[in-house]
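K.L.:
Two chains, two frames, some hints: make the complex.
Protein sequences, first through last, are from chains A and B.
Per our numbering, residue 1 is the first one in the first sequence, and the count goes up by one each step.
Per our numbering, residue 1001 is the first one in the second sequence, and the count goes up by one each step.
Source of the hints: derived by calculation from the structure; they are not laboratory data.
Do not take every clue at face value.
[What the hints assert, rightly or not] Covered stretches of chain B, going by a simulated chain A footprint (3 or more residues, C-beta under 8 Å):
1) 1067-1074
2) 1093-1103
3) 1145-1158
4) 1230-1240
Glycine residues also receive a C-beta, built at the ideal position from the N, C-alpha and C atoms.
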Amino acid sequence: MREPFTSIFALRRPISTWTYRLATVVSFLAVLGGWTWVSHQSWVNPIFIPKPEDVWRVGLDLIRDENLGRDVKMSFLRVTYGFLLSAALGIPLGILIGAFEFCEGLLQPLTEFIRYIPVPALVPILMILFGIDELSKVMLIFIGTFFQLVLMVADAVRRVPYDLVQVSYTLGARRRDVLELVLARSAMPEIFDALRLCNGWAWTYVVVAELVAANDGLGYRILKFSRFLQTPKIWFYLLVLGVIGLALDIVFRKFNQRVFRWANPSLR
Amino acid sequence: MLEIRDIEKTFATRKASVRALDPISFSVKAGEFVTLLGPSGCGKSTLLYIVAGLEKASGGSVWLEGQEVRGAGPERGMVFQNYTLFPWLTVAENASFAHQLPRNIDYSKRPSEIMNQVGRASALLDLMGLADFHDAYPRELSGGMKQRAAIARALANSPRVLLMDEPFGALDAQTREEMQEMMLLLQAHEKTTVLFVTHDIDEAIYLSSRVLVFSARPGRIARDLPVPFGPDRPVDLKISPEFMALKRELFELLHQGAQGQADRSRLLRKLVDPSPQISSKDHEPEPPSH
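One chain only, chain B, in its complex shape (with noise of 0.2 Å):
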């Protein structure tokens, strides 16, 4: 349904490029939850905005549908890692946000469709919990209801595929453990195509269908890993062996990159013994700063 085909990224600084991306290709089916995991910095944020088209690629393309797709639409929602509800606007006005685009306002369309509109968002921040908050502004809410409300207005446009990147990073270990599980149940409900970044191995496990493990500069996909749990996934799944088993293959891959482990005991002498000789033998030499 949603095709990424040789989507690449090359970020031109004044004095040189920074290739962010090597050609990455993929396909997600109806109904999937795809989360693209690795370090930060590995530019799977940037593929999502492409897919976005927030962010526009050095080559390659994005098929919606079997469509090419170019600039933003909202038949792909997103949700952000930062708080992005319009501050000015109620819980129930940014839940219906797009209905109110001039665009969207059709005098053709019948009373009931409207109404189904307005039904809908309401519906999905009620399912959000959300309830009681219909009318309070996005300041009088906490970061957790700020996230499931922008998600609430993401899915009552009825994205073809929805877009979340890092949604629950800024939260606190507590509160996006509830993210996680309401995320299960309104996938459970509304059963939409999801690509999902995260660098958080436990939530991509958790909530994903299929993961795409990322290696860092330039990003590519190091591995296609399909999660064997079906749509029912209790809490104590986490601390389950066969889930124990997929994190630790996952820790693998995403820590081969990392510092060697001559670097680390370089750095731990240094730490331990600050003595002057041995850091004027370590430190370069500084470049003069004009």
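Bound-form chain A, shown alone (with noise of 0.2 Å):
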């Protein structure tokens, strides 16, 4: 390559906005288009594959219908309960063993050994201890982001520079001023980010929780639909929880880049 800096295929650097934009808006359009071209194959059955027109108006119908409404209300308001209880238990742990080491003795092993029990499979045992009402779903979000959550917070912890608590000390703060205002308020923007994807995983976690026991939900729903094989109104509903995904990560991000502005030099 004559100029390694400038093209857009130098490495690390930077492309002009509208370039990523249009990159971005590309990658949508080739994935509908090859959708549109294999649908339309004669070799194709659309029970598997629907053709994306059907599934357009299987959702205009959809979204008339009040069950979408419902649905999408109903899996955000277990998303939320989980993830905020598992935000505001596991950022104060996460915090407690990112700064003491004596804390991530204690609780850092045990919490490596819970996180890699597949949380789909304490489905059961989570209806046998909190029934097959809402405190089981939420239960089921909370312990699939919670570990997860503690253990970026403490590294997010750990990673900010121990220059910064010797300098802190040397100006007169406590070890209570340096916890606070100084280690906590460093590693803000990686627990925030932290936050954004645990978000993610909590919608996967809500999709599982409502597949085995509910009356609504996105979950629920689609398990509905494959039961008549109406596989169109199924793909609507993948694609609302595609589209539900990316808008809470943009909301996230842009969050992020707002309230941590001295953390983030480039804004796109």
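P.N.:
See the structure below:
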């Protein structure tokens, strides 16, 4: 390559905002185009791969139907409760593990152990413990995200340079000040990024939770459609899940960039 | 004012213990600028960290104004070699960090006192040439500016003694000289007592009123030299005969413990003639790796 620093394929060099957006749009159009082409082939059974226009038509009906709104609302509430519970407990615990090696020895190996238990395998146990109502679903999301979050928060705190701790002491800060005003504060952008990732996992687990025992929610509806082989409706619900996930991701990113401007030299 | 009494330090590793500092004693008078000069690994930084209370000594004690000090405290401010500004605070907020600590917020203080503190932090930033950067974040500053802000932050606290651990070590030669001149100006203005660590002979002579030369492994004071220049030190002092003479003296002191001539010629021979015979003769057999 003649110009390794200015071409759009330069290693780790920025490209213009418009080129970036164009690339994003192209990728979505490519997937949509591939889907359209495949679904119109005579050798493809529409029950397996529905046509985009069928999904769109079914989708318009579903939007007018009251179920979609209720499903989105119920899934959203479950995700939010589970996610908030795990953030409220996971962030302080993670900060303690990252700040005190004693807490790390006490809690980190245990957390690692629990983290490797596949969460869907816990569904029967959670139903026995918490019943088949909302509580067991919220707990599934909580367990699915909490242990991951604790470890990521602890890592974020451990990445704060020790120099900052030392200089705080020489400025007259006490241990508690350093913990609150320096360690936690410095790790905040990374902690919020961990929350963004956890929110994504929460949406995976809400579908798992709703597949088992539920009367509403996106996961429940998908299971119901599959009983009647209504693939276009399933595909539409999958698209809705994708859109919700993408939207929340953007909200988290923008929030992070706004609030932690000191840590973000470049804004896209 | 600052007294170091028989401070010693031994690092314990898994297999053996390494003696970093032999018992060291000296005192620093109010307003003095004392530099600890020595090769890397001689324990001068370790000593500074012990004085700051950030490292525990294996023996001995540190006394400040007649009181033994334990742990770190705001009366011993410190500037580090690495950049240590808080990245989430602006330059001005960094400089007044200490005033915003919960323990320092005193509601019985008169507003004029509080304004004085804020005014001092801001005046120090101006003095350090950062008048236009009060609201900038650290990532927007150059290395030299970061260190100047860090010095202002340490001084805003009005410490009894300022400890500096190779504060200009990460800067380029040009910036380093500018910083040294700024340090002299600041010294004339603030008259703070300073304990300074460096391995740069020029820097040591140019800035200090006294130089303590360290020798390595274990670290101890090889010489306690007063610097015969007054507070007014123009830049061309560095090329004056008196400066050069002092530099030569310190250079010889520092290089006494360096690699012997025999080692050097053997190394040179190996580099010039890398034939396998010589290298196999010179190499110790490698220990088995497992």
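K.L.:
If a hint holds in the structure, say so; if it doesn't, say that too.
P.N.:
Right, here's what the structure says about each hint:
1. 1067-1074: Satisfied; 4 residues make the cut.
2. 1093-1103: That given contact holds, which follows from 5 residues of the stretch 1093-1103 of chain B lying within Cβ reach (below 8 Å) of chain A.
3. 1145-1158: holds (count 4)
4. 1230-1240: This one is violated; 0 residues, fewer than the three required, reach chain A with a Cβ under 8 Å.
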